[in-house]
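Chemist: Chains as they are written, first to last, in this note's numbering: chain G, 1 to 227; chain E, 1 to 479.
Treat the hints as calculated values from the structure; they're not laboratory data. All the pointers check out, no bait thrown in.
Only part of the chain E face toward chain G is listed, based on derived beta-carbon distances under 8 Å: (1) Arg311; (2) Asp315; (3) Glu342; (4) Leu343; (5) Ala344; (6) Val345; (7) Thr346; (8) Glu348; (9) Gln349; (10) Ile358; (11) Asp359; (12) Arg361; (13) Gln373; (14) Gln376; (15) Glu377; (16) Gly380.
Under the rule of at most 25 Å between Cα atoms (straight-line distance), these lysine to aspartate or glutamate pairs were calculated in the DMTMM-like manner: (17) Lys56(G) / Glu34(G); (18) Lys372(E) / Asp58(G); (19) Lys282(E) / Asp11(G); (20) Lys101(G) / Asp301(E); (21) Lys354(E) / Glu106(G); (22) Lys354(E) / Glu176(G); (23) Lys200(G) / Glu364(E); (24) Lys473(E) / Asp365(E); (25) Lys199(G) / Asp365(E); (26) Lys354(E) / Glu107(G).
Glycine included, every Cβ here is placed at the ideal spot set by N, Cα and C.
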Amino acid sequence: MRILLAEDDPDLSRQLKTSLQDAGYVVDHAPDGEEAHFLGDTEPYDCVILDLGLPKIDGVSVLEKWRRDGKTTPVLILTARGAWSDKVSGFDAGADDYLTKPFHTEELLARLRALVRRAAGHAQPLLVCGGVRLDPRAARASVNGEPLRLTSLEYRLLHYLMMHQNRVISRTELVEHLYDQDFDRDSNTIEVFMGRLRKKIGTDRIETVRGLGYRLKPLADEVSDLA
Amino acid sequence: MPEKPTGWLASWLKRKVFWADRSSQPGSLVGHLIRLASVWFILALVVTSVTLTGFFHQAQLERFQQNVGQLADNLYSDTDLDMDGKIVPPSFFDTRTQRVYSGLYWQVSEVGANGEVTVQSRSRSLWNDDVPVPADVLADIRATPGRASFYDVTGPQGAPLRAAAIYTLIKGRAFVFVAAEDRTMMDAGVRRFGFLIAIAMVILALGSLAAIFLQVRIGLRPLFKLTGEIHDVREGRKVRLDGRYPTEIMPVANQINGFLDSNQEVLERQRTHVGNLAHALKTPLSVLLSSSQDADENLPDIVRRQTETMRGQVDHHLRRARAAARSQTMGERTPVEPVLDELAVTLEQVFRSKDVVIDWRAPEDLAFRGEKQDFQEIIGNLIENACIWCRKNIRVTAVAEADVPFMTVTVEDDGPGMPEERYDEVLKRGARLDESAPGSGLGLSIVDELVRAYGGELTFDRATIGGLKVTLKLPGARV
Chain G
1 MRILLAEDDP DLSRQLKTSL QDAGYVVDHA PDGEEAHFLG DTEPYDCVIL
51 DLGLPKIDGV SVLEKWRRDG KTTPVLILTA RGAWSDKVSG FDAGADDYLT
101 KPFHTEELLA RLRALVRRAA GHAQPLLVCG GVRLDPRAAR ASVNGEPLRL
151 TSLEYRLLHY LMMHQNRVIS RTELVEHLYD QDFDRDSNTI EVFMGRLRKK
201 IGTDRIETVR GLGYRLKPLA DEVSDLA
Chain E
1 MPEKPTGWLA SWLKRKVFWA DRSSQPGSLV GHLIRLASVW FILALVVTSV
51 TLTGFFHQAQ LERFQQNVGQ LADNLYSDTD LDMDGKIVPP SFFDTRTQRV
101 YSGLYWQVSE VGANGEVTVQ SRSRSLWNDD VPVPADVLAD IRATPGRASF
151 YDVTGPQGAP LRAAAIYTLI KGRAFVFVAA EDRTMMDAGV RRFGFLIAIA
201 MVILALGSLA AIFLQVRIGL RPLFKLTGEI HDVREGRKVR LDGRYPTEIM
251 PVANQINGFL DSNQEVLERQ RTHVGNLAHA LKTPLSVLLS SSQDADENLP
301 DIVRRQTETM RGQVDHHLRR ARAAARSQTM GERTPVEPVL DELAVTLEQV
351 FRSKDVVIDW RAPEDLAFRG EKQDFQEIIG NLIENACIWC RKNIRVTAVA
401 EADVPFMTVT VEDDGPGMPE ERYDEVLKRG ARLDESAPGS GLGLSIVDEL
451 VRAYGGELTF DRATIGGLKV TLKLPGARV
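With the rest of the complex left out, here is chain G:
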């Protein structure tokens, strides 16, 4: 397992490097954002530990660059700022996990293990419907290359629609697959989630078939592109 540690504090990086090596990882260290970006761009890491307050280029920018270039390496963010607004912007930039300084080394190692395990899950075929792509293994979806930020219920809904694209699916069927147990909150649950999903992937991609249900289909120009 090869790991990139991007951290500028010399004491903390030395400690972390030792702990990580003790835990059996191969560790590369980058003391600033520039080097971190270069290494992450060129070397095949299993996971990246990224401090947000890096010199030269800050962590969020480095992460955004990677994600724009299509890098899917799991990234765990370290930061001293623990407000929810900071966490949200970190995840927005494409982080997979988040740890607030100061932290216990054990907690870092535990989260790292979880990240690597998740990333190494069974390969499953990528689902594609026009410009919408869904990767069931990483639980990620994108529209025209732009990553989508979906809640798990929205993701479940999109996943089910993607698996049955071009088919009309009834509300009852969708509700059954949305919730594990049958505690449907109210009658317009599906409408609410459809509305949010449409807002995120584009209104025209999901068609409402009156009285029958919904159908996911590629956009008209996307079909002609394939032909």
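Please build the complex by placing chain E on the supplied structure of chain G, with the hints as guidance.
Modeler: Below, chain E alone, put in the same frame as chain G:
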């Protein structure tokens, strides 16, 4: 007082407040007021003088021409033709008609078949001159025989005359009777009147401008005084504004005092927080210091515990300080839906190993009346707490209250819940119900503090899906 009147006047003249400065808004309030008042006032004065002079002129003229009208009338009614067809004018007793070029004249003319006018008889005062009858006047009086028409004409020696002419037929012959009087005296009178009016108006204008000027300066004096006082406060000579102001300015002074007080209060609170924090950090630091000297074998444990404590303290005070500084801000609105969406996505990712499902509902048009960061902090901490305790499911619901400007947000989880008798305890700073679950234990007390800063409420209950239900009352609005 900010400036000496002379300096102020000089700068006012330099800036030509009256006209040139108009484009450069907002400019000076004094300038605006004076300009507005004087434009209106001077306009009113000009209109008044023109109208007055006009009326006076009209009245004088009417009185003046009564005389010639009378004369023309007498001429018309008393003139006769003798047997030979010659004109026999009446005899007038007014000696002015006898004295040459006296200024009062009459004449009788005959209008020929081709419209040519020949004077048949004239007053002695006319000597050999005529009072001309212009063609348009002739046409005019022909249309109304027997009635006098008045007109202006130049008479003997170039004198301006006011004349009255009457047209009539006597025994088949057409005659024009004209009486005229030199109007020089009357015109001079009217001119003198206009001149006097003008002088009076100019004096009035100057006086009033000075009055407007003074009134504006004196009227705005409380404002200058306020500026002076604020300056004193900034310079540290005063703590708050204590001057007495007119009822229009007093609210401003009160508001400024309010600001100063709240500023003082925030400062005071910050000072307390810094003091508290410093104090709170000193204990762990001294423990660390002494342990390091003793080379205690439990050193790693001690270091961990003490740094944990310090982290908690730092977090707590940072958030408190922020809450204290922000609770004063007004007018900000944060749409609820996007914040819930962001937090749900983020927290599901943080707790992915647990596969947490956050089911949130909020009307699209609902907004929190406050800062986005505070709302994120309140809701984020509550959902995080729910994530820690839940088995799998979390429900977040935001609804607008029917008629008051508040909204209700509930966060429920399907975890083990909390015994009722401990509801109060959790809000206490740093209290943690179960040491076994991760978390600094500060989350809920910070939420409570923020909610209170916004005038809201935090209550606990049992959730319908099993665990704890946290209900928040927060300032809300429809966007």
